[in-house]
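Trainee: Please construct the entire structure, taking both the sequences and the accompanying hints into account.
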Amino acid sequence: MNAHTAAGKLQGLAEDAPWYEAAFVTGITNALNVVADGLADVLPPLDDATAGDATAVFAEIRAFHAGLVPAPFGALARDPAYLADVWAAWRRAFSDQRLTRRLKTALAFAVSLTTRSSFGTRFHLAELRRLGVGERGVMEVIGVTQMFSSYTKIADTLQLDSDMGAIAPVDRSPAPGH
Amino acid sequence: MPTVRLRSAAEYPTAAQKLFALSRAWFNHDFAEPPAMSRVMAWDPGFGGPHGRAMKRAMGPGEFTRAEKEMVAAVVSGANACSY
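In order, the protein sequences belong to chains E and F. Quick note: the first sequence uses numbering that gives the first Met the number 0, first residue 0, plus one each step. Quick note: the second sequence uses numbering that gives the first Met the number 0, first residue 0, plus one each step.
No lab work stands behind these hints, which were simulated from the structure alone.
Here are some chain F residues pointing at chain E (derived, C-beta under 8 Å):
| # | residue |
| --- | --- |
| 1 | 2 |
| 2 | 3 |
| 3 | 28 |
| 4 | 35 |
| 5 | 57 |
| 6 | 58 |
| 7 | 62 |
| 8 | 66 |
| 9 | 67 |
| 10 | 68 |
| 11 | 72 |
| 12 | 78 |
| 13 | 79 |
| 14 | 83 |
Here are a few chain E residues that sit away from chain F, every Cβ distance over 12 Å (derived from the structure):
| # | residue |
| --- | --- |
| 15 | 37 |
| 16 | 41 |
| 17 | 58 |
Cβ-to-Cβ under 8 Å is the rule here; a few derived chain F residues that face chain E:
| # | residue |
| --- | --- |
| 18 | 26 |
| 19 | 27 |
| 20 | 34 |
| 21 | 36 |
| 22 | 39 |
| 23 | 50 |
| 24 | 56 |
| 25 | 65 |
| 26 | 70 |
| 27 | 74 |
| 28 | 75 |
| 29 | 81 |
| 30 | 82 |
Model, not experiment: these values are computed from the prediction. Heads up, the beta-carbon is just placed ideally off N, CA and C, and yes, glycines get one too.
Mentor: See below:
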C-alpha cells in the first residue's frame, strides 16, 4: 500500500486530499458490501411500502443511483436514522470532490473484486458502465486489481518491509477548514 | 522482517541490472538500492519478466491515467491488508 501511495504521489497525485478520499471510498464500500453479502439471504430489503420513515432517504438514494436503491440500504431501512447517516457518508464519499465519481467507482469496483463481494462487484461494475467507462477501462481496473493481488501476496509471503513510503513528497498543508 | 535475505543490486547478474534500471524509470526515482519487490522479481527473470510486463500493460495509460491506476493498486493493497 505504501508503495502505490508513494508511486501515485510521484505520478502527480502529490497532495494528501485525494488519498483521504480514496480511503473513505474503500471503507464505506467494504461496509456496504459486508451487509449486502452477509444479509442477502436472511434480511430482505424493505421497500417504499414497508420502509416507513426511510422512504425519504430512499428518494435521495434513487436520485444519486439512477432510480435504484441498492439492496443493503433497503436492509438498513429497519433503522431509518442509522440508514440516513450511512447514506450521507456514502453519498459524500462517492461525490465528485478532488477525485471524480468515475474514479471513485473504479476504486470501489477494485475493492469489491479484491474482497470477493458479489454484491459490490456487480453493483460497482454496473455503475462504472453507467458513468461511461468502456470495456477497455473495465479491463484496466481488472488488470490492476489482479496484478496487485499478486504483488501483495508475494510481499506478504516473504514479509517484505515497506521501503518506498519515504520517496513520496510530503503534503505540509493543514487539515481542511484550518 | 523478510523471511529471505534480500540481495543487494550488486549481487545480481548484469541482466538484472537492466530490470533495476527499468524500475528506476518506472517510478521516476533514483533509488539508492532498488525496491525490495524489484529485487524479488529479479530473482527469477522467467517469472518476473512476464509478470512485470503484464503489470506495466495493466498500468499503462488508457481510460484511466497511470496515477489513477496507482490509486487503484493502493486500495487493492489496502483491501488485501498488505502494508508493503
